[in-house]
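Student: Let the hints inform the model, and build the full structure from the sequences given.
These protein sequence lines map, in sequence, to chains A and B.
Going by this note's numbering, the letters in the first sequence line up with residues 1 to 114, in that order.
Going by this note's numbering, the letters in the second sequence line up with residues 115 to 224, in that order.
By construction, these hints were calculated from the structure, which means they are not laboratory data.
Since this is a predicted model, take the numbers as computed values, not measurements.
Hints are supplied without guarantee of correctness; some may be wrong.
Said to hold, decoys possible - Simulated restraints, written as ranges between beta carbons of each label pair: (1) Q107(A) <-> A208(B): 26 to 32 Å; (2) R110(A) <-> E180(B): 39 to 45 Å; (3) E22(A) <-> R195(B): 29 to 35 Å.
What the hints assert, rightly or not - Okay, the calculated bits of chain A under chain B, using three or more residues with CB under 8 Å as the criterion: (4) 9-18; (5) 31-44; (6) 101-108.
Unchecked claim - Calculated cross-link-like contacts (lysine to any residue; reagent style SDA-like; alpha-carbon spacing at most 20 Å): (7) K3(A) <-> I161(B); (8) K216(B) <-> L41(A); (9) K117(B) <-> T86(A); (10) K3(A) <-> K117(B); (11) K55(A) <-> K117(B); (12) K3(A) <-> I153(B); (13) K216(B) <-> K3(A); (14) K216(B) <-> T86(A); (15) K117(B) <-> G40(A); (16) K216(B) <-> R110(A); (17) K216(B) <-> G42(A); (18) K57(A) <-> N206(B); (19) K70(A) <-> S7(A); (20) K71(A) <-> T210(B); (21) K53(A) <-> T210(B); (22) K117(B) <-> R44(A); (23) K216(B) <-> G40(A); (24) K57(A) <-> K117(B); (25) K216(B) <-> S7(A); (26) K3(A) <-> Y160(B); (27) K216(B) <-> F104(A); (28) K55(A) <-> T210(B).
The beta-carbon is built from N, C-alpha and C at its ideal position, and this holds for glycine as well.
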Amino acid sequence: DVKVTQSSRYLVKRTGEKVFLECVQDMDHENMFWYRQDPGLGLRLIYFSYDVKMKEKGDIPEGYSVSREKKERFSLILESASTNQTSMYLCASSLDLGLNTEAFFGQGTRLTVV
Amino acid sequence: DAKTTQPTSMDCAEGRAANLPCNHSTISGNEYVYWYRQIHSQGPQYIIHGLKNNETNEMASLIITEDRKSSTLILPHATLRDTAVYYCIVPNQAGTALIFGKGTTLSVSS
Numbered sequence: 001d002v003k004v005t006q007s008s009r010y011l012v013k014r015t016g017e018k019v020f021l022e023c024v025q026d027m028d029h030e031n032m033f034w035y036r037q038d039p040g041l042g043l044r045l046i047y048f049s050y051d052v053k054m055k056e057k058g059d060i061p062e063g064y065s066v067s068r069e070k071k072e073r074f075s076l077i078l079e080s081a082s083t084n085q086t087s088m089y090l091c092a093s094s095l096d097l098g099l100n101t102e103a104f105f106g107q108g109t110r111l112t113v114v
Numbered sequence: 115d116a117k118t119t120q121p122t123s124m125d126c127a128e129g130r131a132a133n134l135p136c137n138h139s140t141i142s143g144n145e146y147v148y149w150y151r152q153i154h155s156q157g158p159q160y161i162i163h164g165l166k167n168n169e170t171n172e173m174a175s176l177i178i179t180e181d182r183k184s185s186t187l188i189l190p191h192a193t194l195r196d197t198a199v200y201y202c203i204v205p206n207q208a209g210t211a212l213i214f215g216k217g218t219t220l221s222v223s224s
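Tutor: Put into structure tokens, the structure is as follows:
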């Protein structure tokens, strides 16, 4: 069974902390994505990566960075967490969206910044 | 990037067909239309996708108009477990990421 695993389901961090959200996929997929989801706003793309060490900004990259040192792992980093980054974070992976394939999502990490 | 427009919410009686419309009038010729759904507190789940022809799988059917400017997702016999937010999605122009809108909240009641 294909799987995208996010390291934490729930996380509480303090303002100003450096936060790492980890995502691992076991499908040897090229593409990985980070979204955040907020009530009334739907899912918004933060960053994505189409290969190891490659990354592209999505619609809302401000305040975030990413790391992809290995194909199976894609990390989202909040350099200095702020309360407006309280949200549900969703990781996804896909073989290649342009070639008739689907994306698989993790269960999400609900981050609260206090 | 192509945009999609969906109704905010829809209701459906259990056992009846649920027909969820989507407008994607700016879609280009080689862009697929994808449908995902998200049940409360879970990650989005893939349902179906298509380019030109109608598609059917074990979960749903997808009807795409000939001009490709709109599509309809059909759940033939809706159940209570189909209550979810349904997203109609077109990838970005580079074909590298799914761009989600706000989706349609489908409520199935008995």
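Student: Does K117(B) pair with G40(A) here, judged by a C-alpha cut-off of 20 Å?
Tutor: Roughly 17 Å between the alpha carbons, so the hint for K117(B) and G40(A) holds.
Student: Hint check: K216(B) vs S7(A), CA-CA at most 20 Å. Holds or violated?
Tutor: The hint is violated at about 26 Å.
Student: What's the verdict on K71(A) and T210(B), does the C-alpha distance respect the 20 Å limit or exceed it?
Tutor: 16 Å, holds
Student: I want to verify a distance hint. Is the separation of the beta carbons of R110(A) and E180(B) within 39 to 45 Å?
Tutor: Since R110(A) and E180(B) have Cβ atoms about 43 Å apart, the given range 39 to 45 Å holds.
Student: Does the alpha-carbon distance linking K3(A) and Y160(B) stay inside the 20 Å limit?
Tutor: Between K3(A) and Y160(B) the Cα gap is close to 13 Å, so the pair holds against 20 Å.
Student: Does G42(A) sit within 20 Å of K216(B), going by the straight-line distance between their CA atoms?
Tutor: Status holds; Cα separation ~5 Å.
Student: Given the hint that K216(B) pairs with K3(A), does the C-alpha gap stay at or below 20 Å?
Tutor: It is violated: about 25 Å lies between the C-alpha atoms, which goes past 20 Å.
Student: Taking the CB of Q107(A) and the CB of A208(B), does the distance hold inside 26 to 32 Å?
Tutor: Distance hint for Q107(A), A208(B) holds at roughly 27 Å.
Student: Within 20 Å, alpha carbon to alpha carbon, are K55(A) and K117(B)?
Tutor: 23 Å, violated
Student: Under the criterion that the straight-line Cα-Cα distance not exceed 20 Å, is the pair K216(B), R110(A) satisfied?
Tutor: Distance of about 19 Å is within 20 Å: holds.
Student: Run the distance test for K216(B) versus F104(A): straight-line Cα separation, threshold 20 Å.
Tutor: Holds, because 19 Å separates the two Cα atoms, which is no more than 20 Å.
Student: Holds or violated: are the alpha carbons of K53(A) and T210(B) at most 20 Å from each other?
Tutor: 16 Å, holds
In summary, the structure is inconsistent with hints 4, 9, 10, 11, 13, 25 from the numbered list given earlier, while agreeing with the others.
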